[in-house]
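**Student:** Hints are included, so try docking the two chains, each in its own frame, into the full complex.
Those protein sequence lines, which keep their order, are chains A and B.
Oh and the first sequence: position 92 is 121 in the working numbering, straight run, nothing missing.
Oh and the second sequence: position 218 is 223 in the working numbering, straight run, nothing missing.
FYI, nobody ran anything at the bench for these hints, they're computed from the structure.
Be aware that one or more of the hints could be misleading.
[Stated by the list, open to error] In silico DSS-like pairs for lysine-lysine, Cα to Cα no more than 25 Å straight-line:
| hint | chain 1 | residue 1 | chain 2 | residue 2 |
| --- | --- | --- | --- | --- |
| 1 | B | 185 | B | 206 |
| 2 | B | 230 | B | 206 |
| 3 | B | 347 | A | 109 |
| 4 | A | 36 | B | 94 |
| 5 | B | 230 | B | 251 |
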Amino acid sequence: MARLFMKLPSFATDYSGAASFLSDIGGLVAVHGPTGCIGNYTGYDDPRWFSSPGMVFNSALREIDAVMGNDHALIENMRKACEIYNPCFTAIVGTPIPDLIGCDITGAADDLEKVIGIPSVGVPTNGYGYYHNGIEKSMFALEKKFSVLSCPNRGKINILGHSHYDYGDGSAMEILADAIADSHRSIGFGSPADGLAAFTDIGCADANIAVSSSGMKFAEYLENSLNMPFIASAPIGAANTELIKDFIKGNRYEETRESGNILIIGDHVVSDSLRREIFRETGLGSDVATFFGLHDKTAGKRDIVLRDENDLINISKRYEIIVGDPLYSSLAPGNLPFVPFAHPAVSGKMFREHGIGMIGLMERVKEAIRRSGVS
Amino acid sequence: MTDGLYFCSASFGGFGVARVGADVPESHLLFLCPPSCGRHTSLSSISLGYRGRVSYLFLEEYEISAGMTEDALYDGVESVLERLPIRPKAILIYFCCSLYMSGADETGILEELRRRNEDIVFQICRMNPIVAGSGPTPAQTIHSRIYGLVDLDGKEDRRVNLIGSDYPLDGGCELPAVLKRCGWEGPDHISQKNSFGSFRKMGSAGLNLVIHPDGRLAAEDMSPKIPFVFLPVSYDMDEIGDQYSKLFSAIGSETDLSEYVAETQKEIDRTKMAVGDRTVAVSTSSACAPWGLVKALIKYGFNVESVFGESSAPYDAEAKRWVLENAPHIREIDTENADMLKAVGICGSPDISVGFNAAYFTKTGAVAPLVCDEGVFGYYAVNKLMKMLAESIDSEKDLETAMDEYGLVL
Numbered sequence: 030m031a032r033l034f035m036k037l038p039s040f041a042t043d044y045s046g047a048a049s050f051l052s053d054i055g056g057l058v059a060v061h062g063p064t065g066c067i068g069n070y071t072g073y074d075d076p077r078w079f080s081s082p083g084m085v086f087n088s089a090l091r092e093i094d095a096v097m098g099n100d101h102a103l104i105e106n107m108r109k110a111c112e113i114y115n116p117c118f119t120a121i122v123g124t125p126i127p128d129l130i131g132c133d134i135t136g137a138a139d140d141l142e143k144v145i146g147i148p149s150v151g152v153p154t155n156g157y158g159y160y161h162n163g164i165e166k167s168m169f170a171l172e173k174k175f176s177v178l179s180c181p182n183r184g185k186i187n188i189l190g191h192s193h194y195d196y197g198d199g200s201a202m203e204i205l206a207d208a209i210a211d212s213h214r215s216i217g218f219g220s221p222a223d224g225l226a227a228f229t230d231i232g233c234a235d236a237n238i239a240v241s242s243s244g245m246k247f248a249e250y251l252e253n254s255l256n257m258p259f260i261a262s263a264p265i266g267a268a269n270t271e272l273i274k275d276f277i278k279g280n281r282y283e284e285t286r287e288s289g290n291i292l293i294i295g296d297h298v299v300s301d302s303l304r305r306e307i308f309r310e311t312g313l314g315s316d317v318a319t320f321f322g323l324h325d326k327t328a329g330k331r332d333i334v335l336r337d338e339n340d341l342i343n344i345s346k347r348y349e350i351i352v353g354d355p356l357y358s359s360l361a362p363g364n365l366p367f368v369p370f371a372h373p374a375v376s377g378k379m380f381r382e383h384g385i386g387m388i389g390l391m392e393r394v395k396e397a398i399r400r401s402g403v404s
Numbered sequence: 006m007t008d009g010l011y012f013c014s015a016s017f018g019g020f021g022v023a024r025v026g027a028d029v030p031e032s033h034l035l036f037l038c039p040p041s042c043g044r045h046t047s048l049s050s051i052s053l054g055y056r057g058r059v060s061y062l063f064l065e066e067y068e069i070s071a072g073m074t075e076d077a078l079y080d081g082v083e084s085v086l087e088r089l090p091i092r093p094k095a096i097l098i099y100f101c102c103s104l105y106m107s108g109a110d111e112t113g114i115l116e117e118l119r120r121r122n123e124d125i126v127f128q129i130c131r132m133n134p135i136v137a138g139s140g141p142t143p144a145q146t147i148h149s150r151i152y153g154l155v156d157l158d159g160k161e162d163r164r165v166n167l168i169g170s171d172y173p174l175d176g177g178c179e180l181p182a183v184l185k186r187c188g189w190e191g192p193d194h195i196s197q198k199n200s201f202g203s204f205r206k207m208g209s210a211g212l213n214l215v216i217h218p219d220g221r222l223a224a225e226d227m228s229p230k231i232p233f234v235f236l237p238v239s240y241d242m243d244e245i246g247d248q249y250s251k252l253f254s255a256i257g258s259e260t261d262l263s264e265y266v267a268e269t270q271k272e273i274d275r276t277k278m279a280v281g282d283r284t285v286a287v288s289t290s291s292a293c294a295p296w297g298l299v300k301a302l303i304k305y306g307f308n309v310e311s312v313f314g315e316s317s318a319p320y321d322a323e324a325k326r327w328v329l330e331n332a333p334h335i336r337e338i339d340t341e342n343a344d345m346l347k348a349v350g351i352c353g354s355p356d357i358s359v360g361f362n363a364a365y366f367t368k369t370g371a372v373a374p375l376v377c378d379e380g381v382f383g384y385y386a387v388n389k390l391m392k393m394l395a396e397s398i399d400s401e402k403d404l405e406t407a408m409d410e411y412g413l414v415l
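Isolated chain B (complex conformation) (with noise of 0.2 Å):
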């Protein structure tokens, strides 16, 4: 977080919480807030397709401060419940700041709700921007929330999840051939599960793969259940390697990936020699390990100019602390100071931009958009950013067309 007044801009924004619920399936998600606190997901949720799954319990001031939300969100569920079509199997509840500023009581509400519906699980969410920097961010905080309603007591198979990335992985990605070769089955991700009850079923996994910090919480919650490693997406190949490794330790079985590094070599060379010495600034926002990342590209000979937007991941500090004493030509720009305002559109001329970020900051034409390890891991995740980075250089894109078809929600 900046130190200053915060310069929101256009290009930040992520998933989105209400996003993460909205994979639980067969639940629906009661926002208990303000009004203003449900404008940007309830606008989002319209534009993305899945209003239906939303609703919004707006309170009044003096419900808040007078300590009446309660009797007010045992109202609105059944309100809710009566207006929808199918009854849902879950109701995810989300407090808004407000609400966890005033100290809610969220075990009594749950145990209220509960026994007024006894067939619906319920489930307190938090999307509580308030608690930046000093704890579990909204998001990590959800993922836990979800997770916990997976049905732990399910036998151990050998299965993997994927936890705290929000896409599935893209059909091109080695990792489910790989566990295949190794006899687990997987990687099973939430998008994926068409009912409530195959979503619990997650919990009688042998493995939870964590490749995003979201889901780190959760599957430390899970985890004297479920085992799981740590393995943030990362895009180079010696990393990659060792990933495996803690992968294949963990499973208890491994296999030859020769196959795939030599494949993804050939991938980075071509796409070296097309891309060429044309410079290249990459968003921190388009990776969780951003730093490793630009240190890939480095190694791979790529001509990064600059990093745009902060990140302080503990697991990233070591690739940060790489580049900058291997390349100290690269600037650093903190996106989120109030002085970038005025660098909007000029803040340098890179050829490519690795996501939005960068792009919007420099206006730079030529995007790679990759946005939060969208959909890769492996030796695919390189793969799929030399795909990127090749395919920038000639198809221009319109910046916020491209922005509204992701659908960035702060």
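In isolation and in its complexed conformation, chain A is listed as follows (with noise of 0.2 Å):
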């Protein structure tokens, strides 16, 4: 059922997050759609587009091409582009249009592969998803096609789901990085920008931190094929950084996540790791509020999906303090406090420069606790 937006921006798409994400590792990318879908991920979604572009091109796809189904004039670009950059891999993503006329995504890829020799995979987005998913389906097409091998207890730790997305410029993640420097464990793989062959050698590590939703589904996968055990925890204080070398040494043990009067907006993974901060540092619970897909291991009782503007409004109503990206406030009742975190998924690149990011978040929240008398 369609959705209404009058206040909120749209969010980061399904193919930005695909072509960050594939691009980072080392692809040679096509957003497969008119030149418009390009902008997007080059003027929104990609911070570092003006000082240093990726491999993400887009193929022009002409009313004509997309009538007739004509795939050739796509790889004929692609085998053009590639003799330019020789790039490691290549990757097909995909956009409304394609998804409209029944474009097969992954066959284009395919064909493209045997003309070019390089390995190709094709990422079925289609512009309706959010970021996570694209970052999902990518990672999960890169495994299909580089088949991804178990050989553990190399005493190393991945990272899944760090994305500019959720972590602005990344800065939150040092902390990630001394919590398991601490645990006398070093990072696998990191991020895509470690490039293809960490995430090849994903299976050489012993366990996986998800950091975000964009990495939860394959970390269950990874779980569930390769018997590795994860956590989903981002590194905001004490709580999560505790939480993360205690998994690392193996401990294992079932959380109890408390409801309470503080809503937070936001990715699941990351709004649950703040609300076990906020539970640490002042014995108040917490509920999520999600655009951008639920999970079984994140979730509280309490927390919910949203689907558009007026689930917001409907549920910012019952709480007493709302966390989450500047432009919620705009729907949340005006004398509620309101702690800014900027999610660029949301905002782009709207308040990089506010510091309103996961550094000193917790600070903002116990100002707003401590102002508003919640208890």
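**Tutor:** Here's what the structure looks like:
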């Protein structure tokens, strides 16, 4: 059912998530669609595009090629680009029009691979999903293409789901790196910037840390297929770093998530981690609302998936403090304390210079609690 | 459009189709599209301060493929009207590529919307870049659809409309004074209209002056009632004189322009003295006739070294031929080509860049921030360009900040 948005922006789309992940890891990416599609990525979803654009191009799909189902132009243009850049693999990611006309994205990638002799993956994104879906699909596409193998016990820990869509400039990840180092382990696959070899060695680690929803399904898959345990936690405060260190030591325990009068709106894994830290620091419970996928492993009993603005308007009335991207505040009751926590997948680069990321977040939350008198 | 994969540089973009529609006073815009198609316009509408004028009805995949969009739209319009604090006079429905390709029945939809809301004027606009190279551009279609709302039944008066330009003329432009001396008023730009009624009265003007090709289709549509002249913004003194002659012919009156010619010539001389032999790179995104701009700069004695971007407008072809013949050293760089990814920041080293595209690829600090002939026509265009050139050599800009301030939208 269609969703009405009158105040919020549309969120970072699935093909942007895929393009970021695949180009960061070393692929040459074609966003297959009309020229307008690429503007999301270059103008809003990749904050690095101005200073250091990656190998992300657009197929400039035209009406006649869409109508006639002409994939040949795409394949030929990809071949020419590969002659320039000689990538370790190529990727075709889909947009709404290929989806509408039934274009076989993975089949086109297979055809491309036959023509150019370079591994190629097709990622069937379609512009209806959000960034985490695209990152998730990209990981599965690469896993299928390059067959991740199990070779554990190397003292390494993987980080799954780290991207600028949730972590901005990534400075918070240094905390996680320190926690892993303190546990006398090293990072195996830490982010797509580590490259394709690190990804194909992903099975050569003892365990995984899913730091956002983007990494959850792949972490679950690795747990089931390669028997790799995982934890879902973002590096927010001592509650999470201690949990992560405990997990690396091999300790496992069931958590109880306390519900409360604080609503955190954001990525489910990141928000759940903030909930954990708030509880540790203040003893107060929180609930999570998310537009980006809810996971059983991180779900509190009152956590909820939001579909549209009305969902957000209605749920926010039930709380005393709200934490989330500043753009959500336009839909929250005006009298409620609102703790800004920029989520680039929502507001792009709008708040990147405002100092309202993960660093210092807990101090902002505690200040709101102090001022509002919530107990 | 480039041959091969398309590289979309960070400096690409323009006014944006949503902003064009938002110029219609007392209107509301409703985009009907998959979520991805609303990302750039919704974020830019927040940044540029008109988010309250735009709504998005994000469709599910099955709704488009199963032909369920019409009911979703009718329900969506009702929801929008319930939530808006003031009932709009007009609603512009924007169809994306998927709606366009799925063959949505625009006429039937408009009839039903009008039947349900008799006090509101509805229009369907298209945000469908998939038509690139095969028909009117989305910007041309949107101008056409918007001006399709004006009231053409009013009596002709001695007013001129400015059509196709995204901006009204700057205060310093001589055109209003020239028209006044000829006994005419204007030019009226849509953004200067403060009510839907006054916008609709643009249909009673005596002449449509089209200074950008985006408005040509709209002017042609109105031409049975309102004659038009197509005078794409020029920076060439001789051509500007010819354009004024055509304008005077169209309005049946003329006036002496020698004072403007003399003042502008002085500005050219002063700027040439200040700029000297510094090399200049020109972005095609600066002007709707970029080769004409390059030709003019060469004629004035400036040292143009390169042109960044493509431009194949028929009205600019003669200027391009002249430049390639008379200044064969000038490099023409297709910035949309896939190999340009390697060239970002290192593609030449001009002293001054006109427009953002050249500045981005060369990392030139001295930028004359001219985008799409913003706010200019006639001799004022030359004056403004000269001032920008002169100022650029004294005040280097942070390019990303300058682009954000302008609000480039792809």
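**Student:** Of the hints given before, which are not true for this structure?
**Tutor:** No hint contradicted; all consistent.
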